[in-house]
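Chains A and B are the protein sequences, given in the same order.
Here full-length UniProt numbering is used: position 3 in the first sequence is 3, and no number is missing along the way.
Here full-length UniProt numbering is used: position 551 in the second sequence is 551, and no number is missing along the way.
Please note that a few of the clues may not be correct.
[To be verified] From the structure, some residues in chain B lie toward chain A, with a derived Cβ separation under 8 Å:
(1) 161
(2) 166
(3) 179
(4) 180
(5) 182
(6) 223
(7) 227
[Stated by the list, open to error] Here chain B is said to cover these stretches of chain A; the calculated rule only asks that three of the stretch's residues, wherever they fall, bring their Cβ under 8 Å from a Cβ of chain B:
(8) 48-59
(9) 85-95
(10) 98-105
Think of the hints as simulated: they come from the structure by calculation, not from any bench.
Think of the CB as a built atom: it goes at the ideal place given N, C-alpha and C, for glycine as much as any other residue.
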Amino acid sequence: MMLEVRDLNAWYGRAHILFDVTLGVERGTVVALLGRNGAGKTTTFASLIGLVPSVTGAVTFDGEPIQGRPAHEIVRRGLGYVPEDRRIFTGLTVEENLMVGAQPPRPGVPHWTPEMLYELFPNLAELRKRQGGHMSGGEQQMLTIARTLMGNPSLVLLDEPSEGLAPRIVEQMAQALIEMKRQGLTLILSEQNLHFARLISDRATIIEGGRVRFAGTFADLDANPEISAQHLAV
Amino acid sequence: MDFLVAQFLNGLASASSLFLVASGLSIIFGVTRIVNFAHGAFYMLGAYIAYTLATTIPQPFGFWLALPLSALVVAAIGAVVEMTVLRRIYAAPELFQLLATFGITLMVEDLVVMIWGPEDLLGPRAPGLEGAIPIMGQLFPTYDLLVIAMGPLVLLGLWLLFHRTRWGVLVRAATQDRTMVAALGVNQKWLFTSVFTLGIFLAALGGALQIPREAVHHALDLQIIVEVFVIVVVGGLGNVLGAFLAAVLIAELNAFGILLFPKISLVLMFLVMAVVLVVRPWGLLGKPDAEARASIGQAIEPLRRMGPVSLAVSGLLVAALAALPLVAGPYLVIVTMELLIFALFAASLHLMMGVGGMVSFGHAAYFGLGAYGAALLVRFLGVPMELGILLGPLLALAGAILFGWFIVRLSGVYLAMLTLAFAQIVWSIIFQWYDVTGGDNGILGIWPARWASDPKVYYYIVLVLCVAGLVAIRRVIFSPFGYAVRACRDSTTRAEAIGLDRRRVQWMCFALAGAFAGVGGTLYAYLKGSVFPDVISIATSVDGLVMVLLGGIQTVAGPIVGAVAYKALSIYMTSQVEYWQLILGGLIVVLVVAFPEGIAGFWQARVAPRLRAATGRGWEARS
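Throw the hints in and build the complete structure from the sequences for me.
Printed below as a string of structure tokens:
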């Protein structure tokens, strides 16, 4: 297991959000974290990356415990995070946004340069000097991912990368994620879009009401249509 | 004409030093979200240390070495302060850092008197630049030309730093979204420390540059911090170019204002700030704050009604207070009156900042208006005390209604700064309108009616009105209106979506808070028998803030506890200890670091649950 999460509980103030969440991902594979709005997907990611102050449970990344570590330390070990709401730095240019994400190369994982990222996301190449605030939603989403890749992560948490994108852009996004996987990256992808998730992922975990309700392959999921009906249907 | 040019250059010279200090403050705020009240103290420290270095190292090197050296020394002190104090409280509720930096300011003020004495110190002239050169027939000090040049030079340097280095890019990124910067692997701790150090370096350099121009004294800090706050806000928080433009604007306004409008020279700067903020709520070059991202996991605890135990304790407390004059001497009675009045003042401030989410740096204005309301009625109409107590607070209410209309148009730090501006306007009017208010001499002879002239009798008036006021504030908080106020605090959009007129609700809340403060002010005037402009000073406003934050902003009882603790402590200290500010400031810093949720908040969060025994894991909620 590249990342192993056991009995993760999280609170905001006194509100209990996550209940004994357990999940894992093998090196080089992609896991889709599926669930409706408010199911706890974002909180799960934020907890893993060290952004939620009250958390209990065990998180092992690359064989080492990371729970309770500050966010920057976790990220520097190679756990990249792409937040859902495209938190790009709007006052910075594309180049500068990438500069913020830059970390030294890590052995055994791809070492990204801005040039490689412009190849992966051709749209960005023409916008190098453009301010982040003057870009379309799709371009911003690509920049968010590129910025995280600048940290040379071995595992990337992507929070709803397809959300709110035009179908054509979703297609490009899927291509980019498949390319990332081909380069050997491990991904956890939170999604509401089952179709998009299926394109990229090897396994699925369903979360609802802060609890894991299903974990398995997409074949398992298809064999039990009542599961998706109960936890995913809108 | 020639004179005007000289005056203009004078303005530019002060603009430069103001800019150095303001840019530091702005950068620090941008990244750390700390409103560094101690910035003026570091400026002052820069001037003092430069004085010492310039007078001990032999000239001509002494002076020129003193400037960078003192800035470096003070920057190092700043770094230590950041690492030992501020670093521990970044996660604490907003404004706790303000409280800590206020404590540091108090300490520095006493420390400089201990080290350098209370006298004004005149620094040496700059070797090589002692003379003056004629500019359009007027002699202008050569050194001031260097000072004028420093402003644009530093501006250029900062621009290069922020746009040509990775560190600068990180700083700009963190100014927008520091959580995201951390989530990209940047160690915030060191980023914050380095930013704070740079900001303090600039402040200290600004102070050091001043030594040939004006005397160094121990009130420099407050003198500059207010102007610098104004500049930073007018320019746009976190925007260095904006700070530069605003520094020039304000400095020239001061330079010419004193010629054109000598009678209202003090008000001018604040009037400009008020106008700018109303027209451009984020300052000249500032950008609308992307709705300050509540960092994940921070939750506002709901205010709680009193349980039976708290009710019983409060009842006992009031009974004990009622019995106090029977057993206590006059001194204790008078001190208790002061505590009661400030408890009401703090509770009224809490109503607007804790419940209403509108942080005020100028709540003293309404306290002072209440006091002056009564005093003016006595002075010009000779009204009796009974009527004075009734009508005095109306001036505060009127002021709060007038200013509140503008204030609720803003939010966050800008709102706080506008309250400061209005308070300073009130202060300046009272200070400069000598014929009506007596200016600095105040208004004397505001004594209670004959039947209440015994402090023990007046005590009961104070007790009844303050307790009634506190109960009334409590009732407001738990009334439907109080819930509406809290809804507007927690989410503007959602409150508006359910049909609340946000501005109107906040405006009424502001007016109410002002009126309650006014009651306190009126009672205070009759207690002291006189009023002076001091009651409206920034110090009084900050006292109020300290009380609320010390007591705990997320509790209803907090401000009362905080007011009693802080006021009692400061009354005791001023009478017993020479360097009381040092001790008080130190105490504030320790309290803030040890109890970031305030005294009452600490009780509620840590002690009370244990007393009640474990209540389980809390409720279930959805993200």
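Numbered hints the structure breaks, given as an ascending list = Hints 1, 6, 7 not satisfied by this model.
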